[in-house]
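Engineer: As a plain string of letters, each chain reads:
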Amino acid sequence: MGDCEFPVTNHEVQHHLAAAAHHIFMALKACGNLKDDVKQVLSDLNSCLPNELVDQSSGRLLMDMKDQIRHPEEVIMRWESYQGMIWDSGSTEASRYLDAVAEIQRIICAVEGLPTLSDGWQKELSLRAHCILQIAMSKLEEELMHILVQNKQCYEPEYMSFRSYMEDLTYDDSFLSVEDCNVEPMTRADDSRSSPEQCLLNLIQPEMVYAVKSIATVMFASKHDKEFCQAFVRARKDALEEYLYILEMKQFTVEDIFKMDWKSLSREIKKWEWALRIIVRVYLKSERWLCDQILGVFGQASLNCSFVEITWGAMLQFLNFGEVIAMAPRQPDRLFRILNVYETLADLVLDIDAVFIEESGNFIRLEFHSLLGRLGDYIKGAFREFRNCIASDRPRKAFTSSVHPFTNYAMNYIRTLTSYRDTLNFLLCHEEADGLEPSLEPENGEEDSLYRSCPLARHIRLVASLLEDNLESRSKLLKDEPLQHIFMMNNIHYMVQKIKDSDLRQHFGDEWVRKQNGNFQHHANDYIRTTWSSALFLLKDSERSDRSLFYSSSLREKCRKFIEAFEQIYKNQTGWIIPDPQLREDIQISTSQRVIQAYRSFLGKNSERIGDRYIKYNADDLENLVLDFFEGSPRLLRSSRRR
Amino acid sequence: MPATEYQGSFLSRISIRRNQVVSMDGNHEQELEELEIFQKNISERFSDLISDDSSSSSNSASSSEPFLSIAWVRKLLDVFLCCEAEFKAVLIMGRDPSLISKPPLDRLIPELFDRAVKALDICNAVMHGIDSVRQCQKLAEIAAASLEQRPLGEGQARRAKKALAGLLSAMGIDETSGGHKSAERSWSFGRRGGGGGGVSVTKDRGSGQSRASTWGVPKNWSAAKQIQVMSANLVAPRGAEASGLAMPVYIMSIVTVFVMWALIAAIPCQERTGLATHFQVPRQLGWAQSMVWLHEKIGEELKKKEKKGASPVGLLEEIQKMEKLGQSLLEFSDGFQYPVPEEKLDEAAAQVADLTETCRRMEDGLVPLQHQIREVFHRIVRSRTEVLDVLDHAGKSSAPSV
Numbered sequence: 064m065g066d067c068e069f070p071v072t073n074h075e076v077q078h079h080l081a082a083a084a085h086h087i088f089m090a091l092k093a094c095g096n097l098k099d100d101v102k103q104v105l106s107d108l109n110s111c112l113p114n115e116l117v118d119q120s121s122g123r124l125l126m127d128m129k130d131q132i133r134h135p136e137e138v139i140m141r142w143e144s145y146q147g148m149i150w151d152s153g154s155t156e157a158s159r160y161l162d163a164v165a166e167i168q169r170i171i172c173a174v175e176g177l178p179t180l181s182d183g184w185q186k187e188l189s190l191r192a193h194c195i196l197q198i199a200m201s202k203l204e205e206e207l208m209h210i211l212v213q214n215k216q217c218y219e220p221e222y223m224s225f226r227s228y229m230e231d232l233t234y235d236d237s238f239l240s241v242e243d244c245n246v247e248p249m250t251r252a253d254d255s256r257s258s259p260e261q262c263l264l265n266l267i268q269p270e271m272v273y274a275v276k277s278i279a280t281v282m283f284a285s286k287h288d289k290e291f292c293q294a295f296v297r298a299r300k301d302a303l304e305e306y307l308y309i310l311e312m313k314q315f316t317v318e319d320i321f322k323m324d325w326k327s328l329s330r331e332i333k334k335w336e337w338a339l340r341i342i343v344r345v346y347l348k349s350e351r352w353l354c355d356q357i358l359g360v361f362g363q364a365s366l367n368c369s370f371v372e373i374t375w376g377a378m379l380q381f382l383n384f385g386e387v388i389a390m391a392p393r394q395p396d397r398l399f400r401i402l403n404v405y406e407t408l409a410d411l412v413l414d415i416d417a418v419f420i421e422e423s424g425n426f427i428r429l430e431f432h433s434l435l436g437r438l439g440d441y442i443k444g445a446f447r448e449f450r451n452c453i454a455s456d457r458p459r460k461a462f463t464s465s466v467h468p469f470t471n472y473a474m475n476y477i478r479t480l481t482s483y484r485d486t487l488n489f490l491l492c493h494e495e496a497d498g499l500e501p502s503l504e505p506e507n508g509e510e511d512s513l514y515r516s517c518p519l520a521r522h523i524r525l526v527a528s529l530l531e532d533n534l535e536s537r538s539k540l541l542k543d544e545p546l547q548h549i550f551m552m553n554n555i556h557y558m559v560q561k562i563k564d565s566d567l568r569q570h571f572g573d574e575w576v577r578k579q580n581g582n583f584q585h586h587a588n589d590y591i592r593t594t595w596s597s598a599l600f601l602l603k604d605s606e607r608s609d610r611s612l613f614y615s616s617s618l619r620e621k622c623r624k625f626i627e628a629f630e631q632i633y634k635n636q637t638g639w640i641i642p643d644p645q646l647r648e649d650i651q652i653s654t655s656q657r658v659i660q661a662y663r664s665f666l667g668k669n670s671e672r673i674g675d676r677y678i679k680y681n682a683d684d685l686e687n688l689v690l691d692f693f694e695g696s697p698r699l700l701r702s703s704r705r706r
Numbered sequence: 003m004p005a006t007e008y009q010g011s012f013l014s015r016i017s018i019r020r021n022q023v024v025s026m027d028g029n030h031e032q033e034l035e036e037l038e039i040f041q042k043n044i045s046e047r048f049s050d051l052i053s054d055d056s057s058s059s060s061n062s063a064s065s066s067e068p069f070l071s072i073a074w075v076r077k078l079l080d081v082f083l084c085c086e087a088e089f090k091a092v093l094i095m096g097r098d099p100s101l102i103s104k105p106p107l108d109r110l111i112p113e114l115f116d117r118a119v120k121a122l123d124i125c126n127a128v129m130h131g132i133d134s135v136r137q138c139q140k141l142a143e144i145a146a147a148s149l150e151q152r153p154l155g156e157g158q159a160r161r162a163k164k165a166l167a168g169l170l171s172a173m174g175i176d177e178t179s180g181g182h183k184s185a186e187r188s189w190s191f192g193r194r195g196g197g198g199g200g201v202s203v204t205k206d207r208g209s210g211q212s213r214a215s216t217w218g219v220p221k222n223w224s225a226a227k228q229i230q231v232m233s234a235n236l237v238a239p240r241g242a243e244a245s246g247l248a249m250p251v252y253i254m255s256i257v258t259v260f261v262m263w264a265l266i267a268a269i270p271c272q273e274r275t276g277l278a279t280h281f282q283v284p285r286q287l288g289w290a291q292s293m294v295w296l297h298e299k300i301g302e303e304l305k306k307k308e309k310k311g312a313s314p315v316g317l318l319e320e321i322q323k324m325e326k327l328g329q330s331l332l333e334f335s336d337g338f339q340y341p342v343p344e345e346k347l348d349e350a351a352a353q354v355a356d357l358t359e360t361c362r363r364m365e366d367g368l369v370p371l372q373h374q375i376r377e378v379f380h381r382i383v384r385s386r387t388e389v390l391d392v393l394d395h396a397g398k399s400s401a402p403s404v
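Just so you know, the sequences run in chain order A and B. Numbers 64 to 706, taken from this note's numbering, label the letters of the first sequence in order. Numbers 3 to 404, taken from this note's numbering, label the letters of the second sequence in order.
Treat the hints as calculated values from the structure; they're not laboratory data. Mixed in with the good hints there might be a few duds.
Which chain B residues stay away from chain A? Per the calculated CB distances, all over 10 Å, these [to be verified]: (1) Glu33; (2) Pro220; (3) Ala234; (4) Gly241; (5) Gln282.
In silico negatives: residues of chain A with every beta carbon more than 10 Å from chain B [what the hints assert, rightly or not]: (6) Val104; (7) Asp130; (8) Arg169; (9) Asn367; (10) Gly376; (11) Gln656; (12) Ser664.
Below, a list of computed lysine-lysine pairs in the PhoX-like style, where the Cα atoms sit at most 20 Å apart [claimed, not checked]: (13) Lys322/A - Lys227/B; (14) Lys221/B - Lys313/A; (15) Lys668/A - Lys634/A; (16) Lys221/B - Lys322/A.
Think of the CB as a built atom: it goes at the ideal place given N, C-alpha and C, for glycine as much as any other residue.
This is chain A alone, in the form it adopts within the complex (with noise of 0.2 Å):
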């Protein structure tokens, strides 16, 4: 390219064609667009031009911007010296606004292409365009920020508040304690209706969007990227402070959280969680969505550095709220509302991973992760603690027949848990449940399929064996043996029947409902042997050779015996509870089948050489006397004779 010289053929016509020859390179780079490699060619052509030429061609072009900055130096200027908002006077006013500082900028980078003129012009201008470029960029910073601030939307839709989604939770923490007999079952708390769709919002109204994005595309063209994003994340951050306050998300000290009584962070960690979930499922989507539309341009970086900016200070309070509740202690009556923790932070770190998907989100989403897997040990270390709850609660005096207060909690508990079955199949799978006897491994095939894919199926079959253990070892407690047979009736009965009832019975097996039945039969069996054996003794016949007056007046004294038996048995067991009805009817049917029955065929057998006078009551009366046995009201019999 060197050598390229223009033939001296007319001196006019070589000067027109390199006039326009550089008027065309002078617009070329004007436009801005080219390629490096591309101006460099045009200015080494440029450069073979005549130079007086160049400087005479420049000179004019320089003239020409210095009339043509006037208009929009005029534009910008004149906001300066007034106080108000452009975009609040109308697209018109913005548009116009744009156009100058666009105007601007081309005619900077019009004076930045010319070749270096000796004279002080063009840097004159050069500075006089930046200048008033540079109070453009402020302008347009203020009315960034009045837009945000101004048009920044929070929703508060119904489903949104947290009042009715603290109505909806039926779970009840009193049911946990032990010594209170009047315990409802405890059904888990349904938040399928907490949790809010995945839905995108304009956070800021939409008309507006296209302001904020037109700002951004004049801000970026000139350099000052970095302030928009600054400014563009405070006001965002301010935003979602904002938020927080209306989701009435308070900011605790650790030590604040440690301190409070449970039921105050109970209540807390239910707002964390509701709140949470608006936070990743709609807010953070719908920010996301924003910082999309108005930087998603310019590309990625500056699009995940603002977002991650704009979210990294509530992501953490967030974050430490949740380690403070993975420290507290480990106790059985916070299992489950930190099962709910659990299972609300598993089900949204796909939706964080979504959101945080890049290089600068890995510490929120690792955070969270890890976050996760911490609340996961602390469910492991509270079901052990309520495991070694049941092992280990011994109680010092003695309860009544009826089913213990700790059994009811206990099986509430058990069935509780089994609402959480994926998650603690999950938590629990590597999870010894040492101390499984070898005798409660199913035999059955299907079963035994069941037992070994369900982790959880294991554990709490060594809960309910541990239950029996600590029941067998209260009933101790009870001074009468029939008794102490009633109170593990009465609580075996109990545990069946909850497992029969309700989805329990699949983790237990039909197997061992069988096996519990016959232990209960067991029971059921030792009760009638240690209660009525004595007296059934003196039923029994004697040897039928003596047939003297002494062998009847030893009748009328065993009948007359075993009726006092009778009404002492009468007197202590009409006290005793059972209070399933059905099993009370089972029990007195088979206290009529095995005792009246006996007293009934006695009496067959020898009621003329007793005499009636002698005999008291017959079968049907105490067939009917038995009927009050169990009703947990202690009756005495008129010891006065019918007769």
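Based on the hints, put chain B in the right spot on chain A.
Structural biologist: Coordinates of chain B only, in the frame set by chain A:
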């Protein structure tokens, strides 16, 4: 960091010894030896933090970290993490768990936990403090980039001035008087200060009442008070206790409070008034000598700053530099008139280069520093859980098993 190396060898040594000796009866001697090693390590670690700077930064031949720089604070945190790991080894590894549920540890351990919980709040506040430093860094970058442009005209100067004014106001420095504003609260980039957009953000909701604080802690929380409470019940064990496990617990408490104190001193944090006087490192103890020295030096810096204004900005070297350069460049941009004498331009250019370098160091160091503080947070949490687990086991095994 080489710290992890010694840590490994120390831990394995402890566990091997324990396994050998624990079965024998008299392990008191071994305990004393362990305690001695522990103290020696603490002393060495902290003296590493000094030796780099003892020649008052004039000729730091080694690749050492300037005192209170980001790199130095990171080293300090490494030291903390190492000490902490060793402490745990001394306290629980292979030891009979019932030991730590008996006096005096039954009192000292809960006190230690209490301090740990307070340290967690400090970690959180400092995390947010670093975040606000990062916002300042961004403004400094804008200013530096603008002043790097040539020809330097009024437009560039205006741009720089705006960024620097925002920077200094965010740091709590009133650019008109050159003094500090009353509170470091303005470090936060909440609703005031910042880039000087000048638009009132609070439109509704309790006029300007800071909602969630930008510090990650509630509004009435005070970093200085936290340190005061943490060190309030720190008493060196005496008599027989001094040779037992009470000693490492005491040492670790001092280390924790010192490191937290230094963090608060270095990094902007909510409410630090009186920090200089709130904590003293015990002077008479051999292992604490380096800490005493560091404490004095940081204390001097704090007092110097407190004298100048109501409340100091963070002592972090990079922040100090940013503040100084920011002020000087603000002056330059404020009085900017084209054309600028060559000499003045060169002077400014040197400062701009310095500011750019400072920003680069912040860019490289602040995020890793944040991550490290988070690591400290997690470590404290984990250790607490581990010690609690041991205590729990101890409680179970000592309870009568029925």
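Engineer: For each hint, tell me whether it holds in the structure or not.
Structural biologist: Here's how the hints hold up against the structure:
Annotated as non-interface, Glu33/B keeps its C-beta farther than 10 Å from every C-beta of chain A; the closest such distance is 30 Å. Interface exclusion of Pro220/B from chain A breaks down, the closest Cβ pair being 5 Å apart, not more than 10 Å. The claim that Ala234/B is not at the interface with chain A holds, since no C-beta of that chain comes within 10 Å of its own (minimum 14 Å). No beta-carbon of chain A is positioned within 10 Å of the beta-carbon of Gly241/B; the least distance is around 32 Å.
Gln282/B, annotated as away from the interface, keeps every beta carbon of chain A farther than 10 Å; the closest lies near 23 Å. At roughly 25 Å, the least C-beta separation between Val104/A and chain B is larger than 10 Å, which holds for a residue marked as non-interface. Annotated as non-interface, Asp130/A keeps its C-beta farther than 10 Å from every C-beta of chain B; the closest such distance is 20 Å. The Cβ of Arg169/A lies farther than 10 Å from every Cβ of chain B, with a closest approach of about 16 Å, so its non-interface assignment holds.
Taking the minimum C-beta to C-beta distance to chain B, about 14 Å, the non-interface status of Asn367/A holds against the 10 Å cut. Taking the minimum C-beta to C-beta distance to chain B, about 7 Å, the non-interface status of Gly376/A is violated against the 10 Å cut. Under the 10 Å C-beta cut-off, the non-interface status given to Gln656/A relative to chain B holds; the minimum distance is some 39 Å. Every Cβ of chain B is farther than 10 Å from the Cβ of Ser664/A; the closest lies at roughly 47 Å, confirming the non-interface assignment.
Distance restraint check for Lys322/A and Lys227/B: the Cα-Cα separation of roughly 18 Å lies within the 20 Å cut-off, and the hinted pair is therefore satisfied. Proposed proximity of Lys221/B and Lys313/A is supported: the alpha carbons are some 11 Å apart, at most 20 Å. Between Lys668/A and Lys634/A the CA atoms are separated by roughly 28 Å; this puts the pair beyond 20 Å, and the hint is violated. A threshold of 20 Å between alpha carbons decides the hint, and for Lys221/B with Lys322/A the separation of about 18 Å falls inside it, so the pair holds.
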